[in-house]
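Peer 1: Residue-level listing of the chains:
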Amino acid sequence: MSAVPTRSVWTPGEVGRVAEPVLEIKNLSVDYGFDANPTHVLRDVSLTLNRGEVLGLAGESGCGKSTLAYAATRLLPPPGMITGGEVIFTDRSGDQVDVLAMSDRDLRASRWQDMAIVFQGAMNSLNPVHRIGRQISDALLAHLPNMTKKESLERAADLLDMVGISPDRLRSFPHQLSGGMRQRVMIAMALALDPQVLIMDEPTTALDVVMQRQIVEQIAELRDRLGFSVIFITHDVSLLIEIADRIAIMYAGEIVEEAAAQDVYRRPRHPYSDALLHSFPPLRGPRRELGGIPGSPPDLAKRPSGCPFRDRCAHAFDACPTVHPELVTPAVPGDDPRRQVACLLHDPGAVAAAGFTPVPVPVELSVR
Amino acid sequence: MTAPTQGRTEHGEGAAQDAPAQTPVLQAVSIRKHFPVRGFRSKKVVHAVDGVDLELYRGRVVALVGESGSGKSTIARLLAQLMPLTDGTILLNGEDAKTTGRAGFRRYVSKVQMIFQDPFASLNPVHTVRYTLTRSLKIHRGRLGGDELEKALAELLDRVNLRPASRYIDKFPHELSGGQRQRVAIARALAANPQVLLADEPISMLDVSIRLGILNLLRDLRDRLQIAILYITHDIASARYFADRTMVMYAGRVVESGDSESVTQDPKHPYTQLLVRSAPDPDDLDARARGARGEAPSLVTPPDGCRFNPRCPFAVDACRSELPPLLDVGVGRKAACWGYSDRPDRPQLGSVLDAYGQRPTIDVEVVVRADADIAAAAGQEDPR
Chain D
1 MSAVPTRSVW TPGEVGRVAE PVLEIKNLSV DYGFDANPTH VLRDVSLTLN RGEVLGLAGE
61 SGCGKSTLAY AATRLLPPPG MITGGEVIFT DRSGDQVDVL AMSDRDLRAS RWQDMAIVFQ
121 GAMNSLNPVH RIGRQISDAL LAHLPNMTKK ESLERAADLL DMVGISPDRL RSFPHQLSGG
181 MRQRVMIAMA LALDPQVLIM DEPTTALDVV MQRQIVEQIA ELRDRLGFSV IFITHDVSLL
241 IEIADRIAIM YAGEIVEEAA AQDVYRRPRH PYSDALLHSF PPLRGPRREL GGIPGSPPDL
301 AKRPSGCPFR DRCAHAFDAC PTVHPELVTP AVPGDDPRRQ VACLLHDPGA VAAAGFTPVP
361 VPVELSVR
Chain G
1 MTAPTQGRTE HGEGAAQDAP AQTPVLQAVS IRKHFPVRGF RSKKVVHAVD GVDLELYRGR
61 VVALVGESGS GKSTIARLLA QLMPLTDGTI LLNGEDAKTT GRAGFRRYVS KVQMIFQDPF
121 ASLNPVHTVR YTLTRSLKIH RGRLGGDELE KALAELLDRV NLRPASRYID KFPHELSGGQ
181 RQRVAIARAL AANPQVLLAD EPISMLDVSI RLGILNLLRD LRDRLQIAIL YITHDIASAR
241 YFADRTMVMY AGRVVESGDS ESVTQDPKHP YTQLLVRSAP DPDDLDARAR GARGEAPSLV
301 TPPDGCRFNP RCPFAVDACR SELPPLLDVG VGRKAACWGY SDRPDRPQLG SVLDAYGQRP
361 TIDVEVVVRA DADIAAAAGQ EDPR
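Taken in sequence, the protein lines are chains D and G. Residues in the first sequence are numbered from 1 upward in steps of one, following the working numbering. Residues in the second sequence are numbered from 1 upward in steps of one, following the working numbering.
No lab work stands behind these hints: they were computed from the structure. Note that the structure is predicted; figures quoted are calculated from it, not measured. A hint or two may mislead.
[Said to hold, decoys possible] In silico DMTMM-like links for lysine to aspartate or glutamate, alpha-carbon gap of 25 Å or less:
#1 D:K149 x D:E221
#2 G:K138 x G:D158
#3 G:K171 x G:E150
#4 G:K151 x G:E201
#5 G:K111 x G:E148
#6 G:K171 x D:D318
#7 D:K302 x D:E289
#8 G:K138 x G:D170
#9 D:K302 x G:D170
#10 D:K302 x G:E175
#11 G:K171 x D:D299
#12 D:K302 x D:E24
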């Protein structure tokens with residue numbers, strides 16, 4: 001059935017590249033609302049992006065994946081407010097800087113140059129009254145004052161060529177381009193200053209599958225060539241498994257599972273990841289009845305105590321309503337020690353400490 | 001309502017074989033829709049839908065798959081008679097369904113109902129669920145009141161699995177989640193006791209975890225009420241899961257049709273192959289089409305011949321000059337590709353995987369010319 005070799009037990013040193021963090025998000029908390037009882041959207045979220053890696057961020061709408069990306073780049077619009085945490089960016093020479101503590105001036109210089117974002121709706125991110133060549137060269141000129149207009153247009157032509165658009169399109173207006181081409185122009189613009197981190201917020205959601213595949217291939221190819229790191233936000237887990245090295249699954253403002261892409265797909269440890277993977281009808285293989293996930297995500301303004309997923313979880317037990325699960329290494333022998341899961345099934349210590357009887361990990365969540 | 005116990009034992013199969021035995025509930029015969037292009041004395045038209053035949057049978061789901069702009073939604077709107085046809089006929093239970101006037105349209109609409117993509121937009125935010133459903137019931141079932149109305153409302157909500165009805169009946173749309181809203185929209189359509197349900201991307205605006213719930217609900221309605229469903233989607237995997245027959249559209253034309261299982265597992269038309277091979281499938285990473293280029297053609301000036309020919313790796317002269325008809329390519333399957341004809345100059349079809357494997361190199365000539373253009377442009381702007 002599968003052409004991908006399945007790795008049954010984790011062996012050290014197999015993932016190759018030495019993990020060198022480029023962006024470390026530490027205990028980031030975000031609230032929405034300035035009144036007496038704001039909604040806690042993100043609570044103590046920690047995430048590390050390594051150099052040259054594609055990190056996937058998946059989850060349902062409203063689970064806080066975009067909020068995380070915008071908070072980490074300080075693009076969060078009011079009433080969103082960062083209430084705690086650090087975002088450490090490490091540049092190529094090894095200097096570290098906390099993005100959340102930067103002065104406005106430094107931040108302005110750092111944006112686009114260090115971290116660039118491709119927004120969800122490419123149609124709305126381009127200025128409709130300017131030619132795309134001018135829009136790309138504007139960004140270049142703002143960051144590189146010594147560049148001449150001619151040089152910037154030449155660079156813009158190179159960039160368009162890089163994403164597979166003929167450079168004579170420089171003189172086109174956004175409305176003269178198709179959706180896929182506009183999205184590529186956005187990617188070219190984001191790469192204009194050779195950033196080290198590229199954040200892509202649902203870059204392919206508005207495109208059809210053929211175009212989606214072209215864009216995704218393009219990103220993978222450019223990543224290999226230019227060596228930037230990517231945070232890829234989407235709700236399409238099956239797409240993430242193809243392109244991401246690591247995947248973090250979010251639910252109700254928390255990361256519930258983080259592991260290598262193939263591990264998430266073949267050996268999910270959190271009941272939510274498992275259910276999410278079974279929410280997509282497969283294109284191949286036997287046709288079987290699928291149920292999706294019953295219920296709907298919790299209202300973050302009235303976040304329940306304990307595990308936020310317990311009401312929809314098939315494996316919930318008596319400790320789930322009281323004990324809040326923390327990220328731990330899964331309680332399955334042979335698992336990659338770097339993967340993490342926030343589920344009480346994998347944390348018998350916390351369950352016992354709260355006075356409940358631990359439950360063994362069910363077979364579905366301990367696939368080897 | 002008596003549900004006929006016709007064979008639905010094997011998935012996918014059967015639709016083609018037993019289809020001619022009954023008349024289709026709703027049938028479109030070579031329908032065509034051209035939209036005029038704005039502009040002074042402009043004679044140009046957008047060829048949104050060109051010569052599409054479609055048949056919907058009782059208790060069967062037909063999926064219409066295609067990329068955005070391929071004319072899927074236009075077909076749904078034409079079938080709902082929300083806009084006039086340019087050409088062709090629509091038959092309801094074998095009779096011409098062309099309506100004139102309000103009463104005729106209402107009679108038609110009570111048999112053919114539509115569900116829209118965005119449940120956030122299709123429900124009026126200032127009215128409660130009760131009002132929305134009551135209005136639909138009163139329009140389509142005549143005067144209802146008191147207990148009778150309450151019973152009908154409860155039954156409708158129960159049918160779309162919103163239980164208990166009392167919890168949802170007095171809610172406003174903003175108090176409901178996306179999935180619940182879409183269920184209310186389905187209940188509103190069911191209030192008319194329709195024979196046909198036109199579902200225009202009913203799940204694409206919903207969260208991934210609740211999409212299957214809506215599809216399973218629609219499937220349940222198909223089985224219990226024997227409604228004919230047209231399911232419009234761009235996700236070919238969900239068409240395989242839900243639909244009995246799948247029709248693939250490209251640039252306003254149907255390029256392939258057949259039972260869902262064979263269309264997705266053994267696609268015949270090169271476009272369908274590209275579509276199936278482009279969908280993400282983590283189990284089968286090697287069989288993904290890579291390096292495909294190009295995009296859908298302009299529908300104002302569609303290419304001569306097969307509309308897929310500019311992107312098709314197998315295209316020959318015949319494809320560029322003559323439009324291929326839908327040819328039989330198996331039991332109940334059709335594909336509009338000259339590769340399946342017996343003409344001597346037919347294209348030799350191969351695997352799209354091999355065909356797209358090698359990326360075309362960048363056309364050097366174009367780059368050089370463009371560079372000159374840019375230099376000229378830069379020169380013009382510099383003095384300012």
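Peer 1: Determine for every hint whether it applies to the structure shown.
Peer 2: To see whether the hints hold, each was checked on the structure:
no., hint, result
1, D:K149 x D:E221, "29 Å, violated"
2, G:K138 x G:D158, "19 Å, holds"
3, G:K171 x G:E150, "15 Å, holds"
4, G:K151 x G:E201, "30 Å, violated"
5, G:K111 x G:E148, "22 Å, holds"
6, G:K171 x D:D318, "32 Å, violated"
7, D:K302 x D:E289, "33 Å, violated"
8, G:K138 x G:D170, "18 Å, holds"
9, D:K302 x G:D170, "22 Å, holds"
10, D:K302 x G:E175, "14 Å, holds"
11, G:K171 x D:D299, "17 Å, holds"
12, D:K302 x D:E24, "29 Å, violated"
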